[in-house]
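**Student:** Heads up: the sequence lines are chains A and B, in that order. Heads up: the first sequence begins at 601 in my numbering, then just goes up one per residue. Heads up: the second sequence begins at 103 in my numbering, then just goes up one per residue.
To be clear, the hints were calculated from the coordinates, so they are not data collected in a lab. Yeah, the Cβ is synthetic: ideal placement off N, Cα and C, and Gly gets one too. There is no bait here: all hints are sound.
Output of the computed footprint for chain A on chain B, the stretches with three or more beta carbons under 8 Å from beta carbons of chain A: (1) 133-141; (2) 446-459.
Here are the computed distance ranges between Cβ atoms for each label pair: (3) A:GLN809 / B:THR362: 50 to 58 Å; (4) A:SER772 / B:ALA153: 53 to 61 Å; (5) A:GLN809 / B:PRO129: 27 to 35 Å.
Taking lysine-lysine and the DSS-like style, the derived pairs with C-alpha atoms no more than 30 Å apart in a straight line are: (6) B:LYS458 / A:LYS1489; (7) A:LYS1347 / A:LYS903; (8) A:LYS892 / A:LYS903; (9) A:LYS1490 / B:LYS458; (10) B:LYS368 / A:LYS1466; (11) A:LYS1457 / A:LYS1446; (12) A:LYS1494 / B:LYS458; (13) B:LYS368 / B:LYS386; (14) B:LYS412 / B:LYS368; (15) A:LYS881 / A:LYS892; (16) A:LYS1330 / A:LYS1341; (17) A:LYS1432 / A:LYS831; (18) A:LYS1466 / B:LYS386; (19) B:LYS412 / A:LYS1457; (20) A:LYS1466 / B:LYS412.
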Amino acid sequence: MKINSLKIDGFGVWNRLELDGLSDQLSVFYGLNEAGKTTLLQFLRSMLYGFSPERSRYLPPVHGGRPGGGLVLSGSGGLYELSRYDDQRDDDEPARAIVLSPDGTRGGESTLAQLLCEIDETTFNHLFAVGLEELQELGTLSDTDAAALLFRLSAGMDRVSLVETIQALEDSRNRQFRDDGRPCQIRQLLEQRDRLHEEIDAFGSLLDQHARLVHQRSMLDRQIAESEKQKDQVQQEASLLEMAITLRDPWRRREELREQLAAMDLSEAVASDLSPERMLKRFKHIARSARKHQEQIRTLDEKRKSLRREASGLKVNRPLLREAPRIHALREQADWVERLDQRIDELHEERVETEKQLENETRQLGIESMADPVGFLARRDLSPLRRPGQVLTRRRREQSKAETEWEACRRTAAERDAEINALLADQGETELSDAIGRTGNLVAQLRRRIQLDRRLDQLRDNFKSLDRQCHDLLEGQLLPASALIGLGLVFVVGIVSALAGFFLPASIVGRLGWPLALLGLLGTATATTIKVLLERTNAAKLRACQEQLDAVSSQLRQARSESDQLDETLPESADPSPVRLEQAEERLRALEAISPLDARRQTARRELETAEAHYTETTEAFEAAQKRWADSNRAAGLPEHLSVKQVQQLSERADHLVQLARRVDRCREEETQRQDERDGLVQRIRRLAEETGMRAEADHPADMLRELLEALAHHESLDKKRRGLREEDKKFHRRRTKHEKRIRVWKRRRRSLLEELGIRHESQLEQQAQREAEAKTLREELNQVQTTIATAIGPKVSEDRLAVYLETSDEQIEQQWDESENQVKALEEKLKQMLQEQGEIAAQVKSLASDRRPSQKRLELASVEKRLDEAIRQWQVQTMTTELLTRIKKLYEKTRQPETLQDASDYLKRMTLGHYVRVWTPLGEDLLYVDDNEGNTLTVESLSRGTREQLFLALRMALVGSYARRGVQLPLILDDVLVNYDSRRAQAAAEVLHDFAAEGHQMFVFTCHDHIYQIFRSLDVTVKKLTRRDQTESATEVDEAKSKKKEVVDRQTADEQWSEDQQPPWEEEDDDDYETEAA
Amino acid sequence: MSYWPFRFVHAADFHLEMPPFGLMEIPDHLEELFLEAAFASAQRVFDTALAEEVDFLILSGDLLRCRHTGPRGPLFLLEQFERLAERGTAIYWAGGRVDPPDSWPPSIQLPRNVHYFAPGTPEEVIHRREDTALARIVGASRAHRGRFRPSDFSPEEPGLFTIGVTNGTAELADLQASRIDYWALGGDQPRETISAELPMVHYPGSPQGRQPEETGPHGCTLVDIDRVRNLRATLVPTDLIRWFTERVEVTAEMERNSLTTLLRKKIESRIESTSGTDLFLSWKITGEGPLLQEIRRGRLGHDLLDLLRKEYGHTGPAAWSVSLEAVPQARFPAHWYEQDTIRGEFLRDVNRLMEKVDDPLGWESRLDALPAEYTSVALSMIPDESARADILRETALLGVDLLSGEESPS
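Same shape as in the complex, but just chain A (with noise of 0.2 Å):
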C-alpha cells in the first residue's frame, strides 16, 4: 500500500491542506522547528489507525474547518479513497474509517486493515516510524541496552519484544520456587501445607486420650460411690453422741424446774375478777393520765410568757403603713427607668461607637488632616480621577508581570549555569567547546595511535616471516643432496643406456639397442633439465622475497616514525594507548552529554536579557503613571499620597460617611431628653422618703425605689407578726382551761376503784402479782427446755436411745464423738480429693468433645492448598508459554535474523563508507557484532553514538525490507534520523534512502535541517517545503534565491498573506511584537 494524496480538511494547525502527487519512492519534508512536520505526521497515523486519546489534542482543529481529511492510498486493486472525521467529537463514538474502493464499493476499517496488511498500529510505530523519539531514547540508553535493544532489532520486531517478554516470564516462573532475597510463593505454601498436615496427623491421639480419660471416670465414680456410703454411717453415730452432750445440760435442767413447780404455793387472792397485775395497770395509768394533764399546763404557761415577751420587742413604722399606696403606686415606675437607663446606655454606646468608626474610616481612606472631610465628602466630585487611576493600575499590573517574569528567567539562567559548571567542574574543564575540541582531537590521536600499535606488530610480524622465508630460500639455493644423487643417479644411467646402446653388439643388446640408447639419453637430458630448472626457480624466488622484505622493513620504518610523531604530540602518561583511549572517549561522552545542557543555557540567557529589557521598561512607565495620579489628587482637593485604591473606597463609602456623622447629631439629641426625664423621678422619690422618715442611702432611682418598698414590706411583716402572736397567746389559755378539768376527772376515778377493791392502798395488790409472776417464769423455762430436747433430737430418734448415752459419763460420750468426727473428716478429705479428680477428667473430656482445632487445621489446610493449587497452575501456564515463545525465538533467529544481518551489512556498509562491513550474531548467543574494514571485530557497546544510529537505521531498513519480501508493503516515515550524522555519512546516508526508495519502498523523510535538505536536492529528490503552518511548497518548484531568503524575510512575507486572510489566532503574540517593533 502506498499514500498518492493526502488532503487535511482541518487537524491541528493545518486545514484546507491538499498534497497531490506524492511520490511513491522518497518524498521530503521541510520546514523549520513548529512548521506542522510533527502534525502531518501524526495526521497520517490518524487516518490510517484513528483518533487516539493522544491524537485527540489536534482536535479541534486550531483554524477551524471540519475535524479530519482524507487519503488517497494506491493498493493491488487500484486507488483506494480513504476518508475519516471525527464530526461528534462529545459522543464516545470513534471516528470511523471509510474506504471507497476502486470498484465503487465502500468499506470500513476492515478494508482499512486489509490496505494496511493487518499490521496493527503498535507494529507499524515499531517498525514503519522511526522518529526522533526513538533516536533520543537510544542516545540516552546505557551501552549494554543500547547493545540489547539493537539485538532484539536484528531477531525481528512486533507490538512487543520476543527477548524481554521471556525474561519477564522466566522471572516470573523462577521466583515461585527460587528464593533470590524476596519470599518464594510455592515454598512457603509447600511449607505450610507439610507443617498442617503434621498437625493433623498428630490430632489422631486425642482420641486415645479420651479412651484413657472415660476408663479413669468410671474408676473414680465407683471409689466415691463407695466412700460416701461409709461416711454416711460415721456421721449418724457423731451426730448422736453430738446430740447427747449437746442436750446433757438441758436434760438436767427440765428435772430440776419439775421439782421447783411442784413444791410453789398460789392459794391466797384479792376479791375481784380481775388479776392483781390488771389492777395494778389501771391505778397506774389514772395517776399516769393525771401527771400528764398537770405538765400540759406547766408547759403553756412557759409559752404564753414567751409569747407576751416576744410582742412587746416588736416596734412598727405607722406614718410608713400609711403612705403604703403612694410607695406601691411609685414601684410601677421601676421598670420605666429602667428602660430609660438603659436606652440613655444605648444612645452614647452608639454615639461613642459611630464617632469612632467615622474617625477610623476617614483615618483609613486618608482624608483625617482634612479641615471638613465630611462636608468635602458630601459636595464631593471625584470623576477627573478615573481615568489617571485605571492607567496607574495597569502600569503596576505590567510592571508586576514582567518583574515575575524577570525572575523567573535569572532563576532558570542561574540554575543552568550552575548545572553546567558543576558538571564541568567535574571534568576539570571552565570552557565546555574547548574541552570537547581538545579531547575529541586526543580521542583521534590516541585511534591513530594504537591503529599504528597494531600496525606495527602486524609489520613485525610479516618482517619475521619474510627474513625466515629469505633464509629458507638462501639455503634451498643448493639442491639437497637425495635430489641431486636421485638426478644424478639417472644422468648416470641415462650416459650408461645410451653408450650401452651405441656400442654393445646386436647380439648382447638385440632389437633393443637403438630404443635403449635412446632413452638412456632422453634419462640424461631431463636429469640435466630438472637440476637447470630447480636452481633457477628457488633463484627467482629469493629475489622476490627479498624484495618484499625491503618493502616490509620500508613501511616498518615509515610506521615507527608515525608513531614517534604522534608519541611527541600526545601528553605524557605511563598508561598504555587503549585505557587512554578508553578514558578519553569516556570525558569526550561526558562533555557530549552536557552539549544539550549548554545549548538550554545560551537560550536561557536570551531569555532573561529579553526579560529584563521588559522590566526596565514596564517600571518607567509605572514611574510616569505614579506622577500624573498625585496631581490629579492635588487638583480634586485630596491628598496626594493617596492610593487609587483608597481614592476608589473613598468614592465607594462617601455616603456611608455622611450618614454616620447624622447618626452621631441623633444619638447625642435623645440621650439628653431622656435623661431630663429621669431627673424629675429622682426627685419625687426622695420627697417621699423624707416624708415617711426614711433616709435614702442610694442615687440610682431604682436603687431608692427598692430600699423604700423593703423597708414597707419589713414594717408591714412586722405589723402582721404582732397580731399573729396575740391570737396565739388567746388559744394557750383556752388549752390550759381544758386540762384543769381533766385533772378533776381522774381524781374521782381513783377514789371509786379502791373502795370497789376494799383496800386502801395500791401496795397489797403489789404483793400478789409477784408470786404468781414466779410461777409464771418456771412454766415458761420448762417449756424452753423442752422444746429445746425436742428440736435437737428430730423426729428420727428417740428420747430413749439418746438416753442410753446420757447415762454414761460425760468423758466416755466426749471421747467417743472425738473419734467419730475424725473418722468423718478422713473420709471426707478423701472424697473432696475424689472430686476434684473426677471435677478434672470431665473438664478435660468436655475440652475434648469441644475441640475444634482440627476442623480449624483442615480449614486453613484447604486454604493453603487451594493456594498452592493456583500456584502451581500459574506456574504451568507460564512454563508452557515460555516455551511456545523460546520455539518462536529460536524459529527467528533461524530465518530471519540471517536475511536480515545481510540486508542490514550491506546497508550500514554503505552509510559508514566502506568503515564497516558486516553486521553478525554468534550461533546461540544473544550479542551483536559489528566488523570493521580492517577485519577488526567490534562490540556494539563500542560503537560511537553516530554509528550506533546508522546501526540502528539499517536494521530498521532491513526490517522493513524483510516485510515486504513477505507482502507487507507500508511507507516508511523516518523523522530527522539522520540528525547526528556526519556530513559525509549523511550524503551516504541519503543515497542509501534514495536507492531503497527506488526498490519500491514509499519513504516520507522529515527534517528541520538545512544540510539535510540540500543533501537530497541534490540527489534530485522531490522536496516539499513547509513554509508555514497553512501552506507549503513544493522545493522543486522554489528557486534557490528564495529558499535561501533570510528568516526575517519570510516573515515579512507571511505577514503579508495573514493580512489578507483571517488573521490565525495563535500568532497573536507575534502581531503584538510585530506592533511593538513598528511602533
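Place chain B on chain A using the hints.
**Tutor:** Here is chain B on its own, set in the frame of chain A:
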C-alpha cells in the same frame, strides 16, 4: 395387598472432618460459619428425623473420619444418636470409605438404637413398629474399592419392603435386577436419583456443599412409602452455606455502572430466592468489550469484588462473593491466527497442541529444571491430561496478553 405406611430419612457423606473448602482466604467474620457448617448441617439431618417423626434413619456412610475429627466427631454423633434414642427412632448405618465400623472409638459406646452394619456379607434386619414388621433392611459397610454385588443384598423371602443400605457403586442393571425396593447408597457422590422407578436407586449427596463447584441446595432425603408401596423421595435442605455460580454477560457498549447494577440485581434476586442461608457466589463474566478486558487485565475485577463483599458480604445472612473472573471468548479474532506476527505464530502453535491431543506435553522433562528441594513435590505438579485443554487455553490467554500490548480482541 395393603401394607403399613412408613417413612424414613436417608442421608450420607457428612464428612464431619472436612469443613467447606475452595476459598483462598476465609474472611474472619465467616470463619465460624465454615468451622461449624459440617456439624450444623449434620445436626439438621437429625432434627429433620425428629421433626418428621420418621420410623428410622438410614446413614449410607462417610459420616466422619474419627482420627481427623478427634473426639468431637464421635461425641457429636453420639449426642445425636441419643436424641433419637429418647424418641425410640432406630438408626441403620453402613460405613463408608472414611468410617468403617472398626474406626469407631471403642471407648464410646453406641446407643442400642444404632445398628452399625459390618463390611462383607450383607446383614438383614427387620424393622418393626411395636410388633408389626414394617421393612427389611439389608446393609453392609463399604466393600473393597467401593464395588458391591447387588445380588448379595437380595432377600431370601419376598414380601416386606426391602431397603439396601451400603456405600459404593454397582452396575445399574444389577441394581435393578436385585429384589431390593430402595437402594440407599452413599459415597462421595452428588445428590442423584439413578433410577426413579422401583427399585429406586438414590444417592442423597452431602448435607452441606463443600466447595464452590458443589452448587445449589444440599440436604437429606425424606422417603415416604404408602400402603401400596408408592414411594416418594423429597429433598430436605440442611445446608448452612450454599454455593452458586452466577454468569453475567457484558456487551461492548456496557459501562461500569451498568455492570455494577446488573450484579446487584442478580445478587439481590438470589438472596430473595434463598432466604435464610448464607450464599457464596462465584461470578463468571462473559461477553465482549472493554469491560471484560478491564476485569481481566486491570483492577475492575478486584474493585467489583470488594464492592459486592462490602455491600452484601457482611449482612445476615451473608452473600459473599468468592471470585469474579472474566471468561474470555473461546477463540480470538480469526485474523489474529492468520497474521505474520509473533502473536500469530504463537496462536498457531497453541492450536497445533490443542489439536494433537494424543501427543503428551512432556512435563517430566520440565520438572528436571526445578531446584533439588522440589523433587518430592515435582510429581504433584504434573497436570492431569484432563487439564490439558484448560492449560493450553490459559497459555493462549497469557501469551496474547503479553504479545498484544494494549490491543483488545474486540
